[in-house]
Structure formats: C-alpha cells, structure tokens
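Visitor: Line by line, the protein sequences are chains S and L.
So the first sequence is numbered by the numbering used here: it starts at 1 and just counts up by one.
So the second sequence is numbered by the numbering used here: it starts at 1 and just counts up by one.
These aren't lab readings, by the way, just hints derived from the structure by calculation.
Ideal placement from N, C-alpha and C gives every residue a C-beta, glycine not left out.
Be a bit skeptical, because a hint or two may be false.
Calculated cross-link-like contacts (lysine-lysine; reagent style DSBU-like; alpha-carbon spacing at most 30 Å) [claimed, not checked]:
#1 L:LYS297 to L:LYS260
#2 L:LYS44 to S:LYS197
#3 L:LYS31 to S:LYS197
Label-pair ranges, simulated between beta-carbon atoms [to be verified]:
#4 S:ALA113 to L:PHE67: 54 to 62 Å
#5 S:ALA45 to L:ALA183: 22 to 30 Å
#6 L:VAL319 to S:SER112: 33 to 41 Å
#7 S:ASP50 to L:PHE67: 48 to 56 Å
#8 L:THR160 to S:ALA113: 27 to 35 Å
#9 L:GLU12 to S:ASP50: 33 to 41 Å
Here chain L is said to cover these stretches of chain S; the calculated rule only asks that three of the stretch's residues, wherever they fall, bring their Cβ under 8 Å from a Cβ of chain L [unchecked claim]:
#10 23-30
#11 51-61
#12 146-159
Below are the chains, spelled out letter by letter.
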Amino acid sequence: MPIRKVMKANEAAAWAAKLAKPKVIAAFPITPSTLVPEKISEFVADGELDAEFIKVESEHSAISACVGASAAGVRTFTATASQGLALMHEILFIAAGMRLPIVIAVGNRALSAPINIWNDWQDTISERDTGWLQFYAENNQEALDLILIAFKVAEDERVLLPAMVGFDAFILTHTVEPVEIPDQELVDEFLGEYVPKHAYLDPAKPITQGALGFPAHYMEARYGVWEANEAAKKVIDEAFAEFEKKFGRKYQKIEEYRTEDADIIFVTMGSLAGTLKEYVDHLREKGLKVGAAKITVYRPFPVEEVRELAKKAKVLALLEKNVTFSVGGALFQDFSRALVNVEDKPKIVDFILGLGGRDVTFKDLDEALEISKKALAGEEFEEVNWIGLRKEIL
Amino acid sequence: MAVRKPPITTREYWAPGHAACAGCGCATALKLATKAFSEAMEEKFGDPNAFAVAQATGCMEVVSAVFPYTAWKAPWVHVAFENAAAAASGVEAAWKKLGRKGKILAIGGDGGTADIGLQALSGMLERWHNVVYLMYDNEAYMNTGIQRSSSTPYGAWTTTSPPGKYSIGEDKPKKWVALIAAAHQIPYVATASIGNPFDFIRKMKKAAKVDGPAFVQVQCTCPTGWKSPLEKGVEIARLAIETGVWPLFEIENGDIWNIKIQAPGGGAKVKREGGRVVAIEFKKPIEEYLKLQGRFKHLFKQPEAIDVMREQIKAMWKVLGVDVILPKPEE
Ligand SMILES: Cc1ncc(C[n+]2csc(CCOP(=O)(O)OP(=O)(O)O)c2C)c(N)n1
Ligand code: SF4
C-alpha cells in the first residue's frame with residue numbers, strides 16, 4: 001500500500017531517489033536543494049538505500065562523478081540548483097553527448113548577480129540546449145513522480161539521455177504538502193533494474209567512451225542527441241500512460257485547464273500553474289473565457305501539443321520566470337517556433353514575472369490579462385512585458 | 001635454451017597505433033604505467049585486466065581515442081579536462097556497488113592536474129577513493145600548443161612564457177603537486193621518470209597495490225614542446241635525475257616527514273644519516289640537462305638566470321630535507 005506523508009519537495013525528491021535505487025549518488029549542497037543530499041545521506045546511513053554516496057567537493061565534481069559512474073554502467077542521481085547547475089554546465093553537454101541517463105533534481109533558483117536564493121527558472125532554462133530532458137513539477141507529488149518518470153524515460157533504449165526535474169525554490173522545496181509515496185514493488189516493476197548495453201567499463205569487454213570526434217563524426221553525434229530528444233516524445237507518453245495505470249496519477253506534456261471555449265489561454269510551468277488555475281477559476285466566475293495550460297515537459301519541447309493548444313485560443317499569454325535577452329522569455333521563442341508556419345495562429349504575448357522569488361499575485365496576473373485583452377481586441381500590444389517591476393527603484 | 005622472462009608483461013593496454021608525436025615520452029609513460037598496473041592486478045587479484053582508466057583531456061587523450069579508433073585495450077573513459085579525478089571517483093564508486101574487483105587508474109597531464117584539476121584531485125584523494133592518479137608531467141599544456149602550466153619549470157620557454165627583453169621565460173618556480181598530494185596523508189605518493197623505467201614500473205605497481213588513493217607524478221619528455229631531439233627523450237629524463245632537476249622520492253603511509261629520497265646516479269655523492277639521504281653532491285651541472293632542450297636555449301645567453309635556477313632547485317631540495325651541491329660547468 002502506498003503511504004501518505006507530509007513533506008517538502010526536497011524530501012519528495014530524496015524519496016524518489018530512494019525508490020529508484022540508484023547505485024551511485026554524488027551531490028554538493030546548495031540552497032534550496034541542500035535537503036535532498038541530506039535526506040539521501042540519512043537513507044544511506046540507515047541502510048534504507050544501498051548506494052554509494054560520494055560527498056564531492058563541488059557540483060562540477062558531482063556531475064563528473066555521475067558521468068564516471070553512469071559510464072561504468074550504474075543508475076546515478078544528483079541534486080542541485082542555480083549556481084550549482086551553472087557550474088555543471090560544461091559536463092551537462094558531455095553527459096548528453098555520451099548518452100548517459102543520469103537524473104538531476106533541481107530546486108529552481110535564480111542566478112547571480114545579485115546573489116539570490118529564491119525561485120525562478122533561469123537555471124534550468126539556461127541548460128535547455130545541453131540535450132537533457134527537462135520536466136517541471138507543479139507540486140511536491142509531481143516532484144516525486146516526475147523523477148521516477150525521468151529515470152524511466154532517460155534509460156529507455158530509444159532515448160538514453162540524461163534528464164532534469166525542476167521544482168520551484170522554497171515555493172516547493174521548503175513547503176510541506178501531503179505526498180503519496182508509491183509502493184517500492186510497483187516502482188521496481190515500473191523502472192526495472194538498469195542494465196546498460198552501451199555504457200559500461202568492464203575489463204572483460206573493454207570499450208572506449210568519450211572519444212574525440214572529428215568534423216566527420218561530430219555532427220552525427222549531435223544529431224543522435226536530437227533524434228533521441230524526438231524519440232523521447234513518444235516514450236514520455238508511454239511512460240505517463242504506464243505511470244497512470246500503475247499509480248493512478250495522470251501526466252501530460254501539456255496539461256490543460258478550462259481551455260474549452262477559451263479566448264485567452266495563459267501558459268506557464270512549475271508551481272505558478274497552481275496559482276494560475278485558481279486565477280482562471282476566479283475569472284471564469286466573472287464570465288471571462290480564459291483557460292490555463294501547464295508545460296510539464298519542456299525538453300523535448302512539445303511542438304505538436306502546442307499546435308493543438310493554439311487551435312483553441314485567440315491569444316496565448318505566456319507567463320515566464322526567465323529571460324532570453326532581446327527575445328523575451330524562452331517559452332516565447334519555443335512557441336514562436338511551434339507556430340511560425342501555422343495558419344490562423346493566435347496572437348502570442350509574453351510576460352516575464354516572478355524573477356528571483358518575487359511573488360506573482362492576482363494583481364500581476366490582472367496586469368497580464370489587460371495586455372492580453374488588447375491583443376484579443378486587435379489593438380496594439382507589447383509583445384514582451386515585464387510584470388510587477390518596481391518602477392520607483394529603476 | 002632457457003627463455004628469459006621479459007622485465008615487464010608483453011600485454012599491451014595502450015596499444016601501438018596512437019597518434020602521439022614521434023619520440024613522445026608521455027606515450028612511453030602510459031604504456032609502461034598500464035603494463036605495470038596490469039601486473040599489479042594480476043598479482044593482487046589474479047586478473048591482469050582488473051582495471052579501468054579515467055583520463056583528462058590533453059595530449060594523451062586526443063592521440064589515443066579518435067573516433068572511430070582507439071588505442072585503448074582497457075575499459076577507458078574521458079569526460080573533460082579538469083575532472084579525471086572526479087570521474088574516477090564515480091567509476092570507483094560504481095565498481096564498488098557492482099562488486100567488481102580491481103582498481104581505477106586516473107590519468108591527467110600537468111595542466112589537468114596541477115592547475116584546473118587540482119580541486120577535483122584534492123577531493124578525490126581526501127575522500128579516499130581506491131584510485132591511482134597518474135600525473136604525466138610534460139611541464140606545459142602541450143595539447144593546446146605549449147602554454148605554460150604551474151608545473152612548467154623556471155626559465156622555460158613556452159608560447160605564454162616567451163623570453164624577451166623583459167622576460168626570462170617562465171618566471172615562477174615549478175609547483176610540486178606530489179607534495180600537495182602527500183599533504184592529504186594518503187597511503188602512497190611518488191615521483192618517477194621515464195629516465196628510470198624500472199623504478200617507474202616498481203612505483204606504479206606499488207601504487208596499484210595499496211588500498212586507498214595513490215599519486216604518482218612522472219616526468220616525461222615532449223620533444224615537440226621541449227624542442228629536443230626525438231631520440232634523446234630517455235637520456236634527457238635521466239639527466240634531469242642526475243643533475244638534481246628531477247628528484248625521485250616516495251612518501252608512504254601519509255608520513256610526509258619520512259620522504260624516501262632516492263640516490264640520483266650520475267656520479268652524485270650521497271650522504272645518509274640513519275639510512276636517510278640528507279645531502280647530495282651532484283657531479284653533473286644542470287646545464288647538461290638544459291642544453292639538450294630548445295626551451296632553455298635563451299638561458300645560455302644569460303647565465304645568471306641559470307644560477308637563479310640552481311638556487312630554486314636547492315630550495316626545492318631543502319623542502320625535501322636534503323642539502324644539495326649543484327656544480328657549475330667547468331669553464
Ligand atoms: C575547461 C577547459 N579549458 C581549456 C581546455 C583546453 N585544453 C584542452 S587540453 C589543455 C591542456 C592540457 O595540458 P596538460 O594537462 O598539461 O596535458 P598535455 O596536453 O600536456 O598532455 C587545454 C588548455 C579544455 N579542454 N577545457
Ligand atoms: S606534443 Fe608532446 S606530449 Fe603531446 S604527443 Fe607530442 S610529444 Fe607527446
């Protein structure tokens with residue numbers, strides 16, 4: 001029987017790791033994810049998780065050790081955030097290029113400067129071109145579930161890519177919620193044991209990993225990562241379906257909320273989706289035809305699902321906690337790609353908000369709604385809008 | 001007729017067919033190191049192949065693993081420039097969990113070890129991973145075209161320490177990573193040289209057999225970066241030992257006060273106290289070592305720079321607890 005426990009997303013991530021039974025974990029503390037390695041050390045210390053926990057001296061070494069362990073052929077896990085993920089940057093490309101299904105839990109946090117420990121998504125968004133799969137959790141249950149799903153997809157032989165699961169700093173990492181901890185037996189069935197056919201360091205069958213790729217081969221290796229990302233789309237759907245069958249919780253790459261007959265659909269990721277659903281309820285009560293959509297899978301980017309979503313609305317309003325300079329937010333770029341050649345597409349308005357842990361209030365969302373309404377009415381509108389700026393200190 | 005056993009196994013792990021420059025001393029070092037490792041594994045575990053290699057970016061990596069070819073007959077992984085020690089930590093942890101017997105060999109150049117990889121090395125040693133770290137010291141970043149590292153010796157020309165009107169070449173004394181490694185109080189630390197291959201083999205075997213981390217720093221010649229004759233690599237390396245430029249020592253069981261200094265040969269007079277080397281009078285001047293290498297050519301126009309070098313070498317030996325006399329060449 002699954003048990004329910006009240007816990008923080010960090011603990012949920014540690015529980016997910018425990019259930020997935022990685023053989024090697026290498027991690028370094030950073031706010032807001034510190035509790036993940038702490039909790040895992042407890043599991044290891046109490047004999048509840050039979051793993052090697054390498055207490056590395058930096059995130060760079062954490063991910064390097066994960067690459068070493070994964071190349072040696074074992075399931076591998078780590079956790080980090082913000083500066084820690086940035087320090088891993090170089091090796092993230094390598095993990096993807098070497099096709100090693102490592103999983104990272106990321107407590108999404110802003111990047112310096114100014115140093116800021118609070119939530120936005122700039123850390124994981126900045127790693128969107130590394131080749132890693134990216135999932136974003138709305139709540140603590142999703143943090144746990146998506147880590148299990150991430151392992152499943154990452155290790156699928158059609159994919160073989162590393163994966164990161166983001167959950168918002170403090171809003172989730174440090175907030176307690178009831179979380180259902182699935183049965184170990186079911187998780188074992190769901191994940192199976194990891195037995196790699198492509199990555200191992202076995203003296204009986206010596207192979208060379210991480211070789212130099214000349215121009216004659218490099219592009220094909222990158223294309224392999226591209227192809228694997230594409231292949232992951234189907235594998236993710238299958239994993240979601242199997243997860244629902246086994247554990248009863250439904251996941252979709254893009255989850256829609258009250259989008260039927262909506263004129264304006266707000267789109268977001270992570271915990272902001274919770275706020276947004278309430279906001280939509282509040283607008284619907286006032287008779288406004290507004291819906292919400294949550295991106296659960298950001299890489300591979302669900303181009304087809306975005307196109308389906310676009311058919312339902314006249315305006316897509318993107319709420320993003322990240323910046324891509326000169327463009328707006330990264331989602332704006334992704335949505336533009338998905339829709340650029342589509343006829344009768346909705347208008348897209350981009351909103352940058354909630355950076356560095358600034359609260360996103362209904363008042364902020366009202367501001368976004370007003371601009372979106374302009375777009376709906378065919379009036380002129382700003383494509384990129386910073387919401388909630390304190391103009392008095394600019 | 002009796003057949004003499006070869007002094008080292010004929011098994012090859014770093015196989016012919018790599019793309020190192022002709023006369024590369026580092027290629028020789030890796031060849032010997034892996035053979036020695038294999039012998040140690042055979043003696044310790046009964047399985048000569050019971051090891052895997054984790055290697056840093058650098059000359060020895062790019063010349064040995066050019067997709068779709070490989071010179072490696074051992075399981076081998078390269079991750080990046082600065083993280084051979086961290087990657088090796090991961091491999092070792094995985095092997096522990098897989099119940100696989102054997103040992104991990106991490107390999108890095110002086111740049112990947114003394115500079116950018118020093119932190120990962122320290123972490124790996126301090127966490128006591130069962131890994132031998134082999135630093136092949138060709139005294140510069142060769143892979144990127146001969147830039148100085150912190151292990152480049154005083155006075156050497158490199159592309160980033162060019163001699164000029166206001167420059168003598170590299171202006172800092174060499175960083176001794178073996179002593180930094182020893183400060184971690186690990187079971188085994190040694191310096192070695194391709195100028196004394198039997199000693200190098202012995203040390204690699206010893207390192208491979210200890211339980212816990214070990215560090216070996218081997219000086220290996222690079223005809224390309226040192227501007228030295230292709231065929232003189234071993235001779236130059238031997239001269240480094242015989243002139244006092246390259247000390248050979250071992251530090252065991254974390255006892256940094258008990259550095260075992262080896263007699264250098266080349267006619268040097270060694271004074272011992274209680275079995276311990278306390279003074280060495282070298283007979284060959286360091287000029288004999290320097291003059292075979294284009295990287296030191298400019299120093300001969302400024303002999304006072306060579307005197308500075310002599311003072312630095314003395315100071316280095318002092319740290320090792322040995323008083324040395326370094327002769328000047330006879331006029
Ligand atoms: C982070 C990073 N910085 C710089 C480089 C470029 N780089 C590759 S190898 C190398 C020098 C290697 O020098 P060393 O470790 O001494 O080995 P050698 O080439 O002499 O064998 C450098 C600077 C890199 N690969 N990664
Ligand atoms: S540059 Fe030097 S170290 Fe590199 S392969 Fe050539 S000789 Fe060897």
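Visitor: Hint by hint, say whether it matches the structure.
Guide: Hints, verified against the model:
| no. | hint | in the structure |
| --- | --- | --- |
| 1 | L:LYS297 to L:LYS260 | violated, 33 Å |
| 2 | L:LYS44 to S:LYS197 | holds, 29 Å |
| 3 | L:LYS31 to S:LYS197 | holds, 29 Å |
| 4 | S:ALA113 to L:PHE67: 54 to 62 Å | violated, 40 Å |
| 5 | S:ALA45 to L:ALA183: 22 to 30 Å | holds, 29 Å |
| 6 | L:VAL319 to S:SER112: 33 to 41 Å | holds, 39 Å |
| 7 | S:ASP50 to L:PHE67: 48 to 56 Å | violated, 36 Å |
| 8 | L:THR160 to S:ALA113: 27 to 35 Å | holds, 30 Å |
| 9 | L:GLU12 to S:ASP50: 33 to 41 Å | holds, 38 Å |
| 10 | 23-30 | holds (count 3) |
| 11 | 51-61 | holds (count 9) |
| 12 | 146-159 | violated (count 0) |
Going through the hint list in order, the structure does not satisfy hints 1, 4, 7 and 12.
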